[in-house]
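One point on numbering: in full-length UniProt numbering, the residue at position 777 of the first sequence is 777, and numbering is uninterrupted.
No lab work stands behind these hints, which were simulated from the structure alone.
All C-beta atoms, glycine included, are put in the ideal place defined by N, C-alpha and C.
A portion of the hints provided could be inaccurate.
What the hints assert, rightly or not - Keeping only pairs whose Cα atoms sit at most 25 Å apart, straight-line, the calculated DSS-like set for lysine-lysine is:
id	residue 1	residue 2
1	K464	K710
2	K360	K690
3	K618	K588
4	K577	K565
5	K690	K425
6	K360	K588
7	K464	K425
8	K502	K464
9	K618	K479
10	K471	K425
11	K464	K479
12	K618	K577
13	K502	K479
14	K479	K256
15	K588	K571
16	K710	K690
17	K534	K565
What the hints assert, rightly or not - Estimated spans, in silico, between C-beta atoms of each pair:
id	residue 1	residue 2	range
18	A194	E436	45 to 51 Å
19	N499	R370	52 to 58 Å
20	E440	A194	44 to 50 Å
21	M656	E542	37 to 43 Å
22	A696	R370	36 to 42 Å
23	H543	G335	44 to 50 Å
24	I470	E605	53 to 59 Å
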Amino acid sequence: MHRLGLGGNGWYLISCRRSPNNLFFSYSSLSSRPNTSSIASYDHLLHSCNSLNSLKQIHSSLSTSGFIKQSPHLGAQIIIKYSQFSDPLSARSLFDAIHGLNSFLWNTMIRAYTNAHHSSETLQLYALMRRTGVGPDNYTFPFVLKACASRSLLFQGKLAHGDALRCGFESDMFVEAALVDMYAKCGQTDDGRAVFDRMTKRDLVCWTAMITAYEQALRPKESLVLFHHMQQERLCPDSITTVSIASAVAQLGDAKSARSVHAHVLRNRFLEDVFVTNSLLDAYAKCGNVDDARLLFDQMKERDGISWNSMLSGYAQNGRASEALLLFNQMQVYGANPNPVTALILVSACAYLGSLHLGKELHSFIINSRMAIDTALRNAIIDMYAKCGDLESAVQMFNNSSPSERNISSWNVMISGYGMHGLGKEALELLSRMQEEGIEPNHITFTSLLSSCSHAGLVDEGRKCFSDMIKLSVTPELKHYACMVDMLGRAGLLCEAFNLIKEMPSEPNDGVWGALLLACRIHGNTELGELAAKNLFQLEPEHAGYYVLMSNIYAASSKWQEVGKLRRDMKSRGLRKPAAFSVVEFGKEVHGFHTADQTHRQFREVYRKVESLVVEIKMVGYMPDRSCILHDVEEEDKEHILNYHSEKLAVAFGIMKIDPGMTILVTKNLRMCDDCHSAFKFISYIYHRKIIVRDANRFHHFQGGSCSCKDYCHPELKTGKAIYKTSIKKSDHLGQVIAQTYSDWGELDKRALLLLDIKLVGLEESSVIPVKALKDKGPLSSKIGILEQKGINLKIYSK
DNA sequence: ATAGGGTTAG
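Please model the complete structure; the sequences and the hints are all you need to start from.
Following this line, the structure appears as structure tokens:
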């Protein structure tokens with residue numbers, strides 16, 4: 001019930017809390033002759049006004065009645081109200097109508113702009129205030145400085161600093177605190193510190209501003225030093241200080257500090273403050289202490305979207321992507337709303353897991369829940385598809401986005417997607433396309449491009465890329481050198497790779513030497529390998545992988561003494577080769593296998609399948625490659641060990657279970673071994689299956705007897721020679737000639753396949769004649785035509 | 001009558 005009562009020569013209001021319509025009615029009946037008691041009533045009215053609409057009604061009623069001109073006090077109240085409702089425009093129209101502005105009114109209007117994040121208007125009004133000759137006071141500067149801070153307007157901030165000094169506020173604590181924050185937010189942490197050090201009196205806010213400044217400047221140690229210093233001054237950190245210090249601890253990654261912040265939180269009963277618990281949660285997760293993070297998460301009285309996202313990303317960042325996905329299920333049960341950040345975290349987790357099934361499910365979830373897909377999320381989805389082996393979907397999604405929806409990361413993600421699938425040419429094409437769209441490649445673009453060239457064996461293109469990069473004044477970093485060494489090394493240009501290392505402007509790191517060591521392993525260069533290994537053992541003495549690589553090099557040339565020495569070295573350091581592990585997706589199930597794994601439910605069947613597979617592929621020329629076995633054991637035992645490599649078990653399981661026609665997708669934690677690589681080519685050929693293996697380095701698409709990596713990391717000639725030696729009878733003269741022709745043309749892949757085919761088709765010398773015609777240079781397609789006329793099955797070449 | 005410090009995501 002709202003009533004307007006009239007009493008004496010003024011009026012008064014009884015209850016005006018709820019209905020704006022009733023209020024409007026009330027104002028229209030106000031007397032047009034203002035006096036003190038009516039002003040008091042307006043005051044009361046304003047105080048209880050709770051919507052922008054009713055405020056506007058009060059405003060218009062006051063304007064028509066001419067109150068405002070006579071009472072700047074009322075005007076200020078309305079400006080403050082507008083400021084609370086984030087409507088500085090209306091505030092300004094009122095402000096302009098007021099005569100006789102005092103500094104209080106100016107401050108109020110400036111505050112309205114600052115609170116609404118209209119920083120340039122704040123500054124314009126401040127300039128106007130100075131021109132008008134009204135002196136800014138100790139309240140003015142904090143507002144102005146805050147506006148500068150929020151937009152990193154250092155120049156304007158410095159001007160205001162000078163004004164504040166001239167006006168004599170050099171030791172006003174509020175002004176100084178605002179200055180500290182302004183300098184910090186403009187990236188001038190040390191200037192902020194200088195102001196902080198000159199202060200004669202500091203309260204909690206000042207300390208917190210400085211602590212936050214260091215944290216935001218990624219200088220967490222200094223944050224912690226100040227935090228302890230502050231406590232010595234007997235100031236007790238409040239929840240805001242605690243949030244900052246927890247973030248600093250998160251950056252530092254020190255679990256002990258995280259626990260002491262936790263203790264502090266418990267002592268001060270901050271557990272109910274969701275800001276505090278969120279940042280503590282994040283700190284635990286960033287310290288690698290996911291389980292403690294989860295304990296805290298479970299104890300939290302209140303959880304918001306950030307809590308869920310922090311916990312999810314905690315799992316994802318600590319390599320526990322599957323737990324992140326589990327928690328996501330719970331999140332939906334709890335009825336918490338996933339936002340685009342949630343989706344981003346989970347999509348990346350799927351990419352990490354390499355689970356196409358889960359990735360696709362998430363993608364449809366995102367679409368079905370009508371979540372806004374911004375550029376960052378779209379990039380993550382593209383990346384997920386590429387990393388889960390579905391490059392087609394990645395490309396489709398990329399091409400379906402408009403230029404305005406793409407940023408530099410979109411291009412980088414797509415380039416590295418092509419690269420990891422061995423499509424170097426396509427990656428290079430994207431470079432030109434992005435430049436046409438006016439996006440300049442950055443250091444990440446070139447890392448992806450160089451690694452694409454490396455995977456695809458595009459040495460000349462890679463060299464050009466490296467020099468283009470310098471021309472575009474992107475400075476080559478260690479990672480770029482590592483890519484170059486990798487590329488040159490894999491191509492067998494070990495000298496050039498080594499020379500590049502010698503020419504490097506800075507000291508080579510483990511990435512660079514590691515690339516060289518790998519190249520030495522591929523090309524069997526013991527000497528250079530030893531040099532690389534020597535450096536690696538110094539740089540990363542605890543990294544088992546380098547010892548393994550070096551012993552592989554020794555083993556390949558039967559230097560068993562050296563192998564033994566390295567293995568003893570590893571043992572004395574307590575290093576173990578990381579256990580190989582491969583997973584294969586079967587419908588909604590994921591099946592994992594270790595080397596010689598006997599824990600899988602159906603391991604006996606899987607073993608039988610592997611054994612029969614090996615027999616079958618041996619018939620068409622597969623030769624077990626024992627060189628990748630470290631141990632100095634009998635050759636037959638080596639072959640036995642080879643058969644139960646984790647990836648072979650996973651593929652065998654896939655062949656057994658997954659419908660023909662479906663791709664078998666295997667993910668392995670380490671690089672796949674040469675022997676498995678060769679075996680899968682044969683398996684893909686005789687079973688007509690597409691097998692994709694994602695290893696620690698890249699994707700291998702096996703189809704029709706060859707691999708998309710073009711055997712770049714697994715020298716093809718080995719396999720080719722093996723087939724040649726074992727499978728070709730003298731009568732297959734034509735086949736040999738064609739094979740030689742392919743060799744001459746540099747089509748080693750096709751040569752190997754042809755040799756395979758000769759065996760399978762049972763080709764006879766008499767069936768073919770135009771041998772010389774074939775050897776003449778000319779388009780390959782016409783040669784294939786000739787063979788096809790002769791009824792020779794060559795469909796695998798004409799894809 | 002008015003003021004300064006806060007968490008997640010390559």
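Okay, the hints, checked on the actual structure:
1. Distance hint between K464 and K710 is fulfilled; the C-alpha atoms sit about 22 Å from each other, no more than 25 Å.
2. Under the criterion of a C-alpha separation no larger than 25 Å, the hint pairing K360 with K690 is consistent with the structure, at around 20 Å.
3. Of the supplied pair hints, the one linking K618 and K588 is violated, its CA atoms being roughly 33 Å apart against a limit of 25 Å.
4. Our distance criterion of 25 Å between C-alpha atoms is met by K577 and K565, whose separation comes to about 15 Å.
5. A hinted pair counts as satisfied when its Cα atoms are at most 25 Å apart, and K690 with K425 qualifies at roughly 22 Å.
6. Distance hint between K360 and K588 is fulfilled; the C-alpha atoms sit about 11 Å from each other, no more than 25 Å.
7. Taking the CA atoms of K464 and K425, the gap is about 13 Å. The hint holds against a cut of 25 Å.
8. Taking the CA atoms of K502 and K464, the gap is about 20 Å. The hint holds against a cut of 25 Å.
9. A distance of roughly 41 Å separates the Cα atoms of K618 and K479; the hinted pair therefore is violated under the 25 Å criterion.
10. Restraint check for K471 and K425: satisfied, since their Cα atoms lie roughly 21 Å apart, inside the 25 Å limit.
11. Taking the CA atoms of K464 and K479, the gap is about 17 Å. The hint holds against a cut of 25 Å.
12. Using a Cα cut-off of 25 Å, the hinted pair K618 and K577 is violated, with the two alpha carbons roughly 29 Å apart.
13. For a cut-off of 25 Å, the pair hint linking K502 to K479 stands: about 15 Å separates their Cα positions.
14. Between K479 and K256 the alpha-carbon distance is near 33 Å, which puts this suggested pair outside the 25 Å criterion.
15. As the CA atoms of K588 and K571 are separated by approximately 40 Å, the hinted pair breaks the 25 Å bound.
16. The suggested pairing of K710 with K690 holds, with an alpha-carbon distance near 15 Å, which does not exceed 25 Å.
17. The hinted pair formed by K534 and K565 meets the criterion: a straight-line CA distance of about 14 Å does not exceed 25 Å.
18. Distance hint check for A194 and E436: the Cβ-Cβ separation is about 48 Å, which falls inside the suggested range of 45 to 51 Å.
19. The hinted range of 52 to 58 Å is satisfied by N499 and R370, whose Cβ atoms lie roughly 57 Å apart.
20. Separation of E440 from A194 is about 37 Å and departs from the stated range, judged on CB atoms against 44 to 50 Å.
21. Against the hinted window of 37 to 43 Å, the Cβ-Cβ separation of M656 and E542 comes to about 39 Å, which satisfies the hint.
22. Here the CB-CB span from A696 to R370 is close to 37 Å, well matched to the stated 36 to 42 Å.
23. Look at H543 against G335: about 46 Å separates their beta carbons, and that is inside 44 to 50 Å.
24. Taking the beta carbon of each, I470 and E605 are about 56 Å apart, inside 53 to 59 Å as hinted.
Hint compliance for this structure: hints 3, 9, 12, 14, 15 and 20 are broken, all remaining hints hold.
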